[in-house]
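Number of protein chains: 2
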Amino acid sequence: MGESAASIVVRFETHPDRYKHWKLSFPEEHGGTVARLTMDVKEDLGLVAGYPLKLNSYDLGVDIELADVLQRLRFEHPEVKALEIGSDKDRIFCSGANIYMLGGSTHAFKVNFCKFTNETRLYLEEMSAESGIGSVCALAGTASGGGYELAIACDEIVLTDDGGSAVSLPECPLLGVLPGTGGLTRLVDKRKIRRDLSDAFCTLAEGVRGKRAVEWGLVDEAPPKPKFKDAVAKRLGAMAARSKRKSFTPMKLGPLEVKRTESGAEYKYVSVSLDEKARTAKLTVRAPSGKEPESAEELAKVGADAWIVRAFRELDDALLDLRFNHLGIGTVALETSGDPEKVLAVDAMLAKYKEDGLVREVTLLVKRVLKRLDVTAKSFFAIIQPGSCFAGTLLELALAADRIYMKDEDGVFVRVSAMNAGPFPMPNGLTRLQSRFLREPERVTRVLESAGNIDTGAANKLGLVTFAPDDIDWDDEVRIAFEERASLSPDAMTGMEASLRFGGPETMETKIFGRLSAWQNWIFQRPNAVGERGALTLYGRPERPEFDWRRT
Amino acid sequence: MGESAASIVVRFETHPDRYKHWKLSFPEEHGGTVARLTMDVKEDLGLVAGYPLKLNSYDLGVDIELADVLQRLRFEHPEVKALEIGSDKDRIFCSGANIYMLGGSTHAFKVNFCKFTNETRLYLEEMSAESGIGSVCALAGTASGGGYELAIACDEIVLTDDGGSAVSLPECPLLGVLPGTGGLTRLVDKRKIRRDLSDAFCTLAEGVRGKRAVEWGLVDEAPPKPKFKDAVAKRLGAMAARSKRKSFTPMKLGPLEVKRTESGAEYKYVSVSLDEKARTAKLTVRAPSGKEPESAEELAKVGADAWIVRAFRELDDALLDLRFNHLGIGTVALETSGDPEKVLAVDAMLAKYKEDGLVREVTLLVKRVLKRLDVTAKSFFAIIQPGSCFAGTLLELALAADRIYMKDEDGVFVRVSAMNAGPFPMPNGLTRLQSRFLREPERVTRVLESAGNIDTGAANKLGLVTFAPDDIDWDDEVRIAFEERASLSPDAMTGMEASLRFGGPETMETKIFGRLSAWQNWIFQRPNAVGERGALTLYGRPERPEFDWRRT
Chain A
1 MGESAASIVV RFETHPDRYK HWKLSFPEEH GGTVARLTMD VKEDLGLVAG YPLKLNSYDL
61 GVDIELADVL QRLRFEHPEV KALEIGSDKD RIFCSGANIY MLGGSTHAFK VNFCKFTNET
121 RLYLEEMSAE SGIGSVCALA GTASGGGYEL AIACDEIVLT DDGGSAVSLP ECPLLGVLPG
181 TGGLTRLVDK RKIRRDLSDA FCTLAEGVRG KRAVEWGLVD EAPPKPKFKD AVAKRLGAMA
241 ARSKRKSFTP MKLGPLEVKR TESGAEYKYV SVSLDEKART AKLTVRAPSG KEPESAEELA
301 KVGADAWIVR AFRELDDALL DLRFNHLGIG TVALETSGDP EKVLAVDAML AKYKEDGLVR
361 EVTLLVKRVL KRLDVTAKSF FAIIQPGSCF AGTLLELALA ADRIYMKDED GVFVRVSAMN
421 AGPFPMPNGL TRLQSRFLRE PERVTRVLES AGNIDTGAAN KLGLVTFAPD DIDWDDEVRI
481 AFEERASLSP DAMTGMEASL RFGGPETMET KIFGRLSAWQ NWIFQRPNAV GERGALTLYG
541 RPERPEFDWR RT
Chain B
1 MGESAASIVV RFETHPDRYK HWKLSFPEEH GGTVARLTMD VKEDLGLVAG YPLKLNSYDL
61 GVDIELADVL QRLRFEHPEV KALEIGSDKD RIFCSGANIY MLGGSTHAFK VNFCKFTNET
121 RLYLEEMSAE SGIGSVCALA GTASGGGYEL AIACDEIVLT DDGGSAVSLP ECPLLGVLPG
181 TGGLTRLVDK RKIRRDLSDA FCTLAEGVRG KRAVEWGLVD EAPPKPKFKD AVAKRLGAMA
241 ARSKRKSFTP MKLGPLEVKR TESGAEYKYV SVSLDEKART AKLTVRAPSG KEPESAEELA
301 KVGADAWIVR AFRELDDALL DLRFNHLGIG TVALETSGDP EKVLAVDAML AKYKEDGLVR
361 EVTLLVKRVL KRLDVTAKSF FAIIQPGSCF AGTLLELALA ADRIYMKDED GVFVRVSAMN
421 AGPFPMPNGL TRLQSRFLRE PERVTRVLES AGNIDTGAAN KLGLVTFAPD DIDWDDEVRI
481 AFEERASLSP DAMTGMEASL RFGGPETMET KIFGRLSAWQ NWIFQRPNAV GERGALTLYG
541 RPERPEFDWR RT
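Chains A and B, in that order, are what the protein sequence lines are.
Following the working numbering, the residues of the first sequence are numbered contiguously, the last one being 552.
Following the working numbering, the residues of the second sequence are numbered contiguously, the last one being 552.
Isolated chain A, as found in the complex (with noise of 0.2 Å):
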């Protein structure tokens, strides 16, 4: 396909009548309290032509379905407590992203396919930690590859021993790349497999089977063909009996409609305006401008409509927009306007009904939209102006950007809430706030303490200010940041900021974007992969790949 995953415009919306690649019912047996995904991916509708996608090999486009039915269990199935993930396929869960698709992709393309698959495996797990819907991967044939990642994305994993059906990660003896998607990190890390026997798994092609698997930690259980349905049920079974899930009306996921344009993006809450030309882009969130629920029950009544909902969920779709279609932008303006006491009433009431099972699936949303702008690839600038309204979960796109400009002039502030507190990790596990301040921990609470509006002089004394000009210099100031930044190496900016965004602890998730993706875009990026004589390239033609063996 060359670079026509890269030329095509890749959108984001779908919806479960338009799933080609998976199928989503609700078996009798459980009562409603097990949601069943199963994989059946169809060979001729990849998202670009070129690639069949054969043995439920993925694509971009069927993650996005993967993405998009994670999201809607959420919010359109409060009954649903534990899910099972399986394949229609016989003899086959998954094989992994498709080897032709990633071959003939872009670098850019690759990279940004899977921090996106890398995401949606991580909200597999965040589903279950914070949601309490677990997951039990069902593998009656054989994973392999990205296959055996979303595996170990699930918190069970049972392998059916048939004398066949393997688990295996085939990435680096097979194709001279790794397993991206998670697979070191989850291996070591989450199912804590020792390293040499990771070690050998990993370059084990045909991978291991049945009681080896179980014995290395690689599968939690291998039953024999005609006990495999019934141990996954019992798993299932007994993760449902254990949800502490709490039940709520179901909201709908509507569709988001959005006006695009050449020169940018109109969503109800949020407008994306580009220059290509300068290679930036302005990203601006609005306050409510009506009537919002103030009670866990009026947002059951408007539902998807709620502008906590939407704004956010266009959010995401802006992000991933400017991630996948517009490369060439460099450098985001995150801008808000409206009225910051709307936003502070709508923290108000999630604050106050935090309890409730579909305020906690908001803010559980608004928290993953956030991660997804922290681990964003772009150079963001916050521009804080008379107007703005960073306020409570407004200012964490604040404190989410690589610099903050506020404005010295009267009438700009900013509001703190309780938003600002906890409900929002980021990807490190600390706050933004927490984050910001590693250095003088004692900062956060005094920021937290600070009632009413804090003005520029104030803001900048509590160290939420990177520059504060003021109104003679504002406009020459913010628009040469923004000249000089869009004229530096873009290769440097991603690995500047992956390195400056994460201080402090590291998590699964910071391992998996700062320390795996890393490894990965370095040998996607080498000659030995994608050379003309790589083994990525050369996958499944007669020729053998020719490397250059000296060792980095």
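The set of hints was computed from the structure by calculation and includes no laboratory data.
Do not take every clue at face value.
Each pair may be met inside one copy or between any two copies, as identical chains are not told apart.
To be verified - Simulated crosslink set (EDC-like; lysine to aspartate or glutamate; CA at most 16 Å straight-line):
no. : residue 1 : residue 2
1   : Lys192    : Glu440
2   : Lys192    : Glu442
3   : Lys23     : Asp471
4   : Lys190    : Glu440
5   : Lys461    : Glu215
6   : Lys211    : Glu440
No experiment lies behind these values; they were computed from the predicted model shown.
With chain A's structure known, arrange chain B on it following the hints.
For chain B alone, coordinates are given in the frame of chain A:
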């Protein structure tokens, strides 16, 4: 210099008498408790020709001297309790790694160079944390790039406020690469500088001076020129007074006296045998042959000829030789031979006299060498067979390996000692046994409590063995393992090992090697840095770099 840096043979042994670029003195005012190390790089004495080392810029040769002097300070100068690092050049401390050297180096050399310089800076910090020799960086002039990275590896930084002297990390704006010698990581993780200020700092080519440098946390103090020397001396005096360093008889580090041939190297206790065609090597460490010191006093008398010192200094040299001079070697067999009782006797001495100052330094040396092994980008397979001597300290070699092959035969065994229980932590802060048993931590105690010889069956049961073929399978299985490993993509192996070796917690050290270095390696490979029109390639020339602006 093109490929020349890659084709020269690098030797790591040196001696103060032969230093070209550093001067070590012991200022009278501190009565010998403070060492002063000043940089005065000789422009025309670079490791290879072709890049004048202007403005105290450094190449590998300069850093080899730095590593040597830090080692000698610990062993040969027990009276030293604080270290000043400064410059003998006017208005310049150090301008970092020489750009023309970097621009002309191969990818492999750049990566290896950065790893070595990273290790040296970590040793400087370890010297402060573990040996009570703190460091003050005296910036009487500008520190840029690697110069500032050396400064932030010190405990304290004093910058003269003379209107001109600045600290800066201009790698991103000027070269399109990262401050990859720990720079980005130390900014946010060691000095805990706010991420937005770090962002601004790292894109400001001219850097930050005086008061602002103090405010941002980039330096600890910025006195005016007339007060500079006093400020530095005061900090050094306080540091030396705080030091808990114990006195001991100096140990002179003599020459290693290695015999090198086409097919390897023979040290007294270490042998390296190379098979360049098969891309494999065998690294053998021999147990002591004669009588070894049984007390701290005897150790002081025997000096650096003691097995524990000599063997590990030899191993260190052999590892660096493999890294720099044998790039094509991908897989290394780790073997041992000799009398395990003799190793265990040394271990018992180290454990018994661990409070002794010299014993402590020796133990820390072993720790550092083992860490050097942990981060060496070669596949290591430990081979345990009749005649092997994987006991105590030497068992750590096996535990550092990616796999352990142990022959299932009578008379094959391993032994544990107190040295497996803590003194040799990995870069992640865990012992190698703890790292191995993240899944079943109770196994650590079980192994440590195993008295006497642990035969193959028992070792296997304890989880110490990856594969344990018997006499019938041994030769074939081991041969095939090496052949298979040596056939795999060297890049995939490097990325895989960097991920699998360090499960569990992260430290500044693992962040530097696992995250920052991975991003730097990626960037070092990108056309935006090293292509014909890349920023690193064009540095110093009138043309401006041309970037592929796609953000990834």
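Please work out whether the CA atoms of Lys211 and Glu440 approach to 16 Å or closer within one copy, between two copies, in both situations, or in neither? Intra 52 Å, inter 19 Å, cutoff 16 Å: neither.
Could you place Lys190 and Glu440 in one of the four classes (within, between, both, neither) given a Cα distance threshold of 16 Å? between (32 Å within a copy, 13 Å between copies)
Go through the copies and call it for Lys192 and Glu442: within, between, both or neither, with a Cα cutoff of 16 Å. between (35 Å within a copy, 14 Å between copies)
16 Å Cα threshold - placement of Glu215 relative to Lys461: Answer is between: at 12 Å across copies they meet the 16 Å cutoff, but 57 Å inside does not.
With identical chains, the pair Lys192 and Glu440 could be close in the same copy or across copies; at 16 Å between alpha carbons, which is it: within, between, both, or neither? between (34 Å within a copy, 9 Å between copies)
Tell me, please, which holds for Lys23 and Asp471 at an alpha-carbon limit of 16 Å: within, between, both or neither? Answer is neither: 57 Å inside a copy and 52 Å across each miss the 16 Å cutoff.
Violated hints, in rising order: 3, 6; the structure is consistent with all others.
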